[in-house]
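Turn these sequences into a full structure, and let the hints steer you where they fit.
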Amino acid sequence: MGLFSKPSGKKKTPTNAPSPLSAKQRALQEQEAKVKADIEKNERLVQNAPIIAAEQKRRQREEMINRASMTHRPTRPTAVVDRGTTLRADMPATGQLRRTRAERRQGRLMFFVLLLMLAAAIFYLYHTVTHG
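Under the numbering used here, the residue at position 60 of the sequence shown is numbered 60, and the numbers go up by one with no gaps.
Each pair of labels, with its calculated beta carbon distance range:
| # | residue 1 | residue 2 | range |
| --- | --- | --- | --- |
| 1 | 36 | 68 | 43 to 49 Å |
| 2 | 50 | 30 | 32 to 38 Å |
| 3 | 65 | 122 | 55 to 61 Å |
| 4 | 98 | 50 | 43 to 49 Å |
| 5 | 70 | 37 | 42 to 48 Å |
| 6 | 59 | 19 | 53 to 59 Å |
| 7 | 55 | 101 | 41 to 47 Å |
| 8 | 51 | 30 | 30 to 36 Å |
| 9 | 58 | 29 | 40 to 46 Å |
| 10 | 28 | 50 | 32 to 38 Å |
The list that follows gives simulated cross-link-like pairs (lysine to any residue, SDA-like), each with its CA atoms no further than 20 Å apart:
| # | residue 1 | residue 2 |
| --- | --- | --- |
| 11 | 57 | 46 |
| 12 | 34 | 23 |
| 13 | 57 | 69 |
To be clear, the hints were calculated from the coordinates, so they are not data collected in a lab.
Since the structure is predicted, the reported quantities are computational estimates derived from the model, not experimental observations.
Ideal Cβ positions, reconstructed from N, Cα and C, are used throughout, including at glycine.
As structure tokens, then:
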């Protein structure tokens, strides 16, 4: 084997199979593209957030107005119902409501006061009829 002789053995031919390094590089490029797309989507969301929030607020306000304006009277369909003082047909019957301790105590007191007043009225009538 001399200096100018043909080297024996196989020549290295480039293969079409990707090397591990180029596969890794391609995966990183795809990941970078996904991250950039996510960043763009989030930036658009941040830019549109005030508009979306205003739209949600407007929708909630309209829904609240619609609920408040519902009434059970067919003559005034747009009247706002005062929930504190208005009796509603869809409310449970008064016997089904749970009363507080103070309301029960006040009811008992009123009962005994009315009972005493009735007893006093009966005693007065009895006394005026028998002694009169």
